[in-house]
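J.: Each chain, letter by letter, is given below.
Protein chains: 2
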Amino acid sequence: MVSGDEPEAMHQAMAGALGAALDDIAAVQRRAREGGTAENARWPMIVLRTPKGWTGPAEVDGLPVEGTWRSHQIPLPRVHDDPEHRRMLESWMRSYRPQELFDSDGAPLPEVTAPLPAPERRISASPHANGGLLLKDLSLPDVRNHAVEVPEPGKTRHQATKVLGGYIGDVIRANPRSFRMMGPDETTSNKLDAVFEVSGRAWDAELLPTDEHLSRDGRVMEVLSEHLCQGWLEGYLLTGRHGLFNSYEAFVHIVDSMFNQHAKWLKVARELPWRRPIASLNYLLSSHVWQQDHNGFTHQDPGFLDHVMNKKPGIIRVYLPPDTNSALVTTDRCLRMRDTINVVVAGKQPALSYLSMEEAVAHCTRGASIWEWASTDAGFEPDVVLACAGDAPTRETLAAAGLIREHLPELKVRVVNVVDLMRLLPAEVHPHGMTERQYDALFTVDKPVIFAFHGYPWLIHRLTYRRNGHDNLHVRGYKEEGTTTTPFDMLMLNDLDRFHLVMDVIDRLPGLGVRAAHLRQRMQDERLRCRTHTREYGEDAPDIRDWTWSG
Amino acid sequence: MVSGDEPEAMHQAMAGALGAALDDIAAVQRRAREGGTAENARWPMIVLRTPKGWTGPAEVDGLPVEGTWRSHQIPLPRVHDDPEHRRMLESWMRSYRPQELFDSDGAPLPEVTAPLPAPERRISASPHANGGLLLKDLSLPDVRNHAVEVPEPGKTRHQATKVLGGYIGDVIRANPRSFRMMGPDETTSNKLDAVFEVSGRAWDAELLPTDEHLSRDGRVMEVLSEHLCQGWLEGYLLTGRHGLFNSYEAFVHIVDSMFNQHAKWLKVARELPWRRPIASLNYLLSSHVWQQDHNGFTHQDPGFLDHVMNKKPGIIRVYLPPDTNSALVTTDRCLRMRDTINVVVAGKQPALSYLSMEEAVAHCTRGASIWEWASTDAGFEPDVVLACAGDAPTRETLAAAGLIREHLPELKVRVVNVVDLMRLLPAEVHPHGMTERQYDALFTVDKPVIFAFHGYPWLIHRLTYRRNGHDNLHVRGYKEEGTTTTPFDMLMLNDLDRFHLVMDVIDRLPGLGVRAAHLRQRMQDERLRCRTHTREYGEDAPDIRDWTWSG
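Those protein sequence lines, which keep their order, are chains A and B.
Residue numbers for the first sequence follow my numbering, so the first one is 607 and each next one is one higher.
Residue numbers for the second sequence follow my numbering, so the first one is 607 and each next one is one higher.
Keep in mind that the hints were calculated from the coordinates and are not lab data.
Please note that the accuracy of each hint is not assured.
Any copy will do: because identical chains look the same in the list, a pair fits if it lies in one copy or spans two.
Claimed, not checked - Derived DSS-like pairs: lysine-lysine, alpha-carbon spacing no greater than 27 Å straight-line: (1) 873 with 1085; (2) 761 with 1018; (3) 1085 with 1018; (4) 1085 with 918; (5) 1053 with 1085; (6) 1018 with 1053; (7) 873 with 918; (8) 873 with 658; (9) 742 with 873; (10) 1018 with 768; (11) 918 with 742; (12) 658 with 918.
Work out the full structure: start from the sequences and follow the hints.
T.: What follows is the structure, encoded as structure tokens:
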């Protein structure tokens, strides 16, 4: 460490420190080249400690300034109207001897510019500071190789993140030097551990015989600090590489503020023509609000979606794939994007699949579509639209559609699933936004729309308040009711369950209320039955747990 | 440090460590009592390091478990159907020798319970673990003593946080042992430094002769870590005291996730009858999006309001005082509350005052009211409602009202200011919410409402989407456009300036568009003039900067 206030002594000390550091670096390199390993090399570090406000005014108005907190910001506050302050400023500035550095036109003298590196060797010209210059497309494996078999909609169960783990492993295999996955110690907990068949966790410290999946060159970077994960990934993307951050949905809020700054950076960078596009920042959120296992209320918060949507719409993408194949298609697309921030929410538990790979590609391309096999309005105007976004709400919507088909067969029901949430925004607000005609055709302008949503219900209103028929839109979602309980009880606590959705249809469809009062009462009884079952057995009733679509 | 796997040796080592620690504590106390100071006392700490899964199964299915990561969560995963796992579980459980600890009914033996402290001495019974038991009302100074003189609305300027600093200083003076202010090194930057006349910053380390406002017993706790500030304040409140967290508005997002957990804690605690209410957590946000001085886009984010409103409405309060006296009244009320989280956004720059202390009390009690002196609809239905929330939007709304009065004198304009944002929610959703009748009377059911809002505009839609006349509501606010520029340029970048508000009235009021096209064009010219001025002089045009209300 060097500390001093005598410039000449300082110059010599600094030169000496630099010389010693360069010798140390040469020794590290020699050992690595001769011994064949650079492991645990200790690189030199120079710590330069100077007085705060060094070489500035020592004292102003009788108070010490140099070397104190007073030299922060404006050491001479009254230069405008205090001749003494002005004189001190001049003498301070002259202490740098500008006449020895600049010519009479104010240009730096040749001896000042001579030691500068050639332009392309300057730090600011490093391509790593404009990572898009170095960016190469990922070599992406065919997502179809990981498709799950879905012979009929809503009959078979798959674990979306488990399948995604295999796909991401393939991505790592095909791009061993340019793709990383960061996460707060949740790769296994989020069921992505198939990646470990391809690459381990990056690990620099001691290795024990019992360790598994640790590797000096692991492409999975885990540390129980969302801040570090976010920082690592930002640095990796900004220097021209690709990656993905997987996190528990509730705890990704830890990086809200860091997300803000990256989003603002992207917005400004897009306006600078010399900044080349970088790979998008991908969040894969799992262990979400509707599937908590042994965790409870603390782990229930889908509000990151609200948070990201406050940023400039053009750079934000939010996807809620309803099943495994759509999660694959969505993730594949996110890995191809540039200069955006993508959020994908995917489940980790066995859950019903609805779409074959071909259907998933078509659905994700549309972003939102009518599920014809679940609808009964073909060729007619629907009486009611059941919309949904997210895996659990989609299942409940389908179960509600089944109940209506059974008990109110005369109703014409349209089921709409939204996988790309940005489709709901107006086309002039977001590049994925639907035109007015598209939206009106899908959701109608005058029919009740019961929207079962993964997150806080008001987010859907915030996206659609300019739409025709917004008064007819009724959204169910997470309203901050929760505890450690069963999946279906969680839905009931928030009025997002199939029975409540049927009650909502009865309540909202003009003229149906009185006629369907019996059914409405039965739906309440069903809720009571299910609640009683959870309280007695600690799990969901078998008919709920094992429900499948029977169209 | 103690480490071992031999229980008897461990017991002895632990007893030895405890004895040594108690001796150390006695020595510290003796020195303090004899020497009169406990400064820099080093309290003992026992570090107990044990193998992970200690005393659990050493090996399961041929793999080491005790002392490895495999003992995390479920060391014996197949107890249900693997007799060997079941046998191991039984032998593990029996290793604790339960027959020596419990009687035949399963109750702990007297020799187990004998060393336990009496019930009221148990850690769980400490009143500090149920802080409401210890909570005493603050002794609050009369906020009127700090009132600023406002002889006429919109003529004089005051700095809200500067005046608040004096009031908070008085609170500290009257409550020297039960009130603290936490903040990330921004007390002075947020202009609250009048508190330092009463108490310094808490400081435990070395003191230098140049230090100011540092004190061993300072009631202001500053550290440039919002996480620490939040944690300190939560601990202080949970143990029965009172406090306030002041922060830059943009960077309070750093504690989004910590806020979530405190909000969830409060929601659950309110449902537990034995949990006594604790003092509310108060956030005072300043250096807000509309007044950035030398800071820019990175410092512009009013989204904490959106974040807090995702939590259970009953525990959330958000206030946007339009001027200094209303900021005083609001803060005084927040310091009286229990079991809520209160957010107050207040400006730090000189800004127009509109309300005398009496008027501020009335306005803050209503939460939202018609400003009659600025309105021209007395005795009539208004043609248009100009609503506003936040200091800068309020000024722009009043300036727009003045322009309309001048150029469209036949229009009946109602100016409504909202200080308590929760008033906009329906009465059945929030305890402060307006009934339908109140809301309809204030905002009309069929007239255009141009709402100038401090934050992201969709937050107002999210609060009002159930309201009558919501289709007629047009909100202006921050839409993520910003840079390092002048205050008025910031407003123009986001279409929140007076001229754009007049254009909005012209665009939204049926039948006005064609007739007022000349005025609309002049408003565009005014925006161009103001923009040109900022580009030429680096500051706002004098008529904008010095504008006052002339009713």
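J.: Now, for every hint given, state plainly whether the structure supports it.
T.: For each hint, the structure was consulted:
1. 873 with 1085: between (32 Å within a copy, 12 Å between copies)
2. 761 with 1018: within (23 Å within a copy, 62 Å between copies)
3. 1085 with 1018: neither (29 Å within a copy, 40 Å between copies)
4. 1085 with 918: Classified as both; 26 Å inside a copy, 7 Å across copies.
5. 1053 with 1085: within (25 Å within a copy, 31 Å between copies)
6. 1018 with 1053: The answer is within: 11 Å in one copy meets 27 Å, while 36 Å across copies does not.
7. 873 with 918: within (7 Å within a copy, 32 Å between copies)
8. 873 with 658: neither (35 Å within a copy, 47 Å between copies)
9. 742 with 873: The answer is within: 21 Å in one copy meets 27 Å, while 49 Å across copies does not.
10. 1018 with 768: neither (37 Å within a copy, 63 Å between copies)
11. 918 with 742: For residue 918 and residue 742, the Cα distance is within 27 Å only inside one copy (26 Å; across copies 46 Å).
12. 658 with 918: neither (39 Å within a copy, 47 Å between copies)
Hint check: violations occur at hints 3, 8, 10, 12; the rest are consistent with the structure.
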